[in-house]
Amino acid sequence: MNPFERLEALRETYRQELPQKLIQLQTLFDTAAQSGFDADSFELFYRLIHNLVGSGATFGLLEVSESARILDGALRYFVMENTYPTAKETEGLRLHMESIVLACQFQSSDEKDTRCLSTFSESHFELETSSIDTTKTIYLIDDETYVHEKLKIQLEYFGYKVTSFTDTKSFELAAKQCPPDAVIMDVMFPYSKEEGIASIRRLRMQLSSPYALLFISMRDDFETRVNAVRVGSDGFITKPVDISSLIDKLDRLTQKKSNEPIRVLILDDEMTVAEYHASLLNTGGIETRCINDPTLVLDAMAEYQPDLLLTDFYMPSFSGLDVAKVIRQMDEYLTIPIIYLSLEGDVSIQSKAIGAGAEDFLLKPVEPTELLNRVKHKAERYRKLRDKIQHDSLTKLYNHSSITEMLEKEIAGARRYGHALSVAMIDVDYFKKVNDNYGHQAGDAVLKALSRLLKQRVRSTDIVGRYGGEEFCIILPHATHADGIKVLDAIRMHFEKLTHYAGKNEFHSTFSCGICQWSKNMDTASVINHADQLMYQAKKQGRNKVL
Amino acid sequence: MAQIEKILYVEDEPDIQMIAQIALRDIGGFILETCSSGAEAIEKAEAFTPDLILLDVMMPGMDGPDTLNELRKLTTTAVTPVIFMTAKVQPQEVQHYKDLGAVDVISKPFDPMNLANQIRTIMSTI
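In order, the protein sequences belong to chains A and B.
For what it's worth, the numbering used here labels the leading residue of the first sequence as 1, then goes sequentially.
For what it's worth, the numbering used here labels the leading residue of the second sequence as 1001, then goes sequentially.
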């Protein structure tokens, strides 16, 4: 066997042996927890979990590694504090252990997860998993243990790694050694009514690395809020903390903004001219593709999906004007910006050209900065508009028409390349009762929480959309029905455990789900119908189920 | 640049040991001696005379830093370069390990196809 084959064989062996290892870990944990942790048993458990973080990722089991990382972080806190978990904290650790087991069950040896390091042929490892960055660490400081328990577990369901502290001194020490990405700080402590604010003030003098800062408090007076702002708070949430609101704020403050560069398609019968303008745009970080034949423009637009078309005006066979008119007749390109490049100085001709649907007319030779600025401005505006059109405003997921369009494209891809494709339809159970009992705001919060969980827990290649009021559609390329069951059942279990708040009321919610694996005789409507039927069957069978 | 032929690899987890053996010996072409504990590393180091020591941080009994301290007491490994290997680290932790005497830190998980190159790159700066 060559080294690649041996690595694959090792990986396969690891995967097969992992379930048994996890059972042994669970037994070790249960035994130690029952008799009370001591130094040896705790140290052993911590080391084995720490090893799992590394080995899980090394062998391509990223979900297992990430779940173990969360538990590793929690255990490290106890090690740093030289203490052992209480009975309640032990229960929390047990839940983390169960997440690792679930992650192991989800990742079978047949999984073709594009995130997986499955072939060992990558020259570098990128541990990007879901579309939401789950490597953010949060320090939570509150002297009240029940706040820790509730908030920590809820935050961790959304993928954040949380270390909690009951006093500001330990927090300050830990933050100096290992700065977090975000801090959630109580304002009041037993020894001082604004100790939380004072602690941040002290830390600011010693720690320059930036972090998001949210205060939580029973107090809601103006003076306290001003004092919080003066130490640089990014938000102030009154207790009892609404987890949806907290997650929203944390996401906004800690998630990286999309860095996807603007894409411009350049059409000019003279390739050297097209490439010259391309290089000008490239200096500004804009990606480009050049074509010199107008008859190829529609294929190029469909494949490249540019944010803007830059076209020569006068070309031998078809003019830029002809191209613009054809493009504007197509619904999918109604709003894409088109800029002409030409020597044409006649204003009336320029006006006519713009009247055909272009945004702008630039005279050659174009000044580089002007070209860059005009293209960037128009392309960015188009992107924002396109996002608004494509996405549902409440959940930020793709809306009904976008997700349907995407499914058509995915079916075309599956038909062409022969890979598997599954579609899941999800409906929140008893949603009308949630709205009736707790109000529409609470209902919206449930939908937002589910959206966030879906985005966080599916693969980066999966596509999530809001199909209807409380109905969601997930497109799972390269996934069989069995793969879909594993993904969605894991999400179902997480969603069931989320606590939602409506004023002083707490409640839980569930969903029913149907999954259809596409076959060659199916079109978009039939796939969705089939998934819908299975979803309704899941409801008839008692709800909170995936079929 | 320091010439590296022989690597003493110290790692308690058997699965990671096997991956590293393929990465360093079969792919990287190094002469490799694997140890499962700090104590075993100290036992084997004098006879093996490694050019480089790859040391896991968290091990039962004697951890990586303690093992490094003991290795520094041996004539053959008093100045041998050491690279720590540990789960993803913050920049401050890297400095901490360097302050303990390591030349660098390689974070886990490591890419078995690239580990040898990573080591050669680190050693080229010494």
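No lab work stands behind these hints, which were simulated from the structure alone.
It cannot be assumed that every hint is accurate.
Stated by the list, open to error - In silico contact screen, one side only, chain A against chain B (beta carbon under 8 Å); selected entries: (1) F37; (2) A39; (3) R47; (4) V53; (5) A57; (6) S233.
As the list claims (entries may be wrong) - Residues from chain B that keep clear of chain A, each with C-beta distances beyond 12 Å, as calculated: (7) Q1003; (8) A1023; (9) R1025; (10) I1042; (11) F1048; (12) D1056; (13) P1065; (14) T1075; (15) P1081; (16) T1086; (17) K1108.
Stated by the list, open to error - Ranges between beta-carbon positions, derived for each pair: (18) A:V229 - B:E1070: 46 to 54 Å; (19) B:L1100 - A:N437: 54 to 62 Å; (20) B:T1076 - A:E149: 48 to 56 Å.
Ideal placement from N, C-alpha and C gives every residue a C-beta, glycine not left out.
Verification of the supplied hints:
1. F37: F37 of chain A check fails; min Cβ-Cβ to chain B is 17 Å, beyond 8 Å.
2. A39: Not OK, violated: A39 of chain A not within 8 Å of chain B, min 13 Å.
3. R47: Holds, about 6 Å.
4. V53: Status holds, d = 5 Å.
5. A57: Interface hint status for A57 of chain A: holds (4 Å vs cutoff 8 Å).
6. S233: violated (24 Å)
7. Q1003: holds (23 Å)
8. A1023: violated (8 Å)
9. R1025: violated (9 Å)
10. I1042: holds (20 Å)
11. F1048: Check passes; 23 Å lies beyond 12 Å.
12. D1056: Nearest chain A Cβ is 9 Å from D1056 of chain B, so the label is violated.
13. P1065: It holds; P1065 of chain B is separated from chain A by about 15 Å at its closest Cβ, greater than 12 Å.
14. T1075: It holds; T1075 of chain B is separated from chain A by about 31 Å at its closest Cβ, greater than 12 Å.
15. P1081: Holds, since 22 Å exceeds 12 Å.
16. T1086: It is violated; T1086 of chain B is separated from chain A by about 8 Å at its closest Cβ, not greater than 12 Å.
17. K1108: Its Cβ does come within 12 Å of chain A, the nearest being 4 Å, so this is violated.
18. A:V229 - B:E1070: 46 to 54 Å: Since the Cβ atoms of V229 of chain A and E1070 of chain B sit about 53 Å apart, the hinted range of 46 to 54 Å holds.
19. B:L1100 - A:N437: 54 to 62 Å: The hinted range 54 to 62 Å holds for L1100 of chain B and N437 of chain A, with Cβ atoms some 59 Å apart.
20. B:T1076 - A:E149: 48 to 56 Å: The hinted range 48 to 56 Å holds for T1076 of chain B and E149 of chain A, with Cβ atoms some 53 Å apart.
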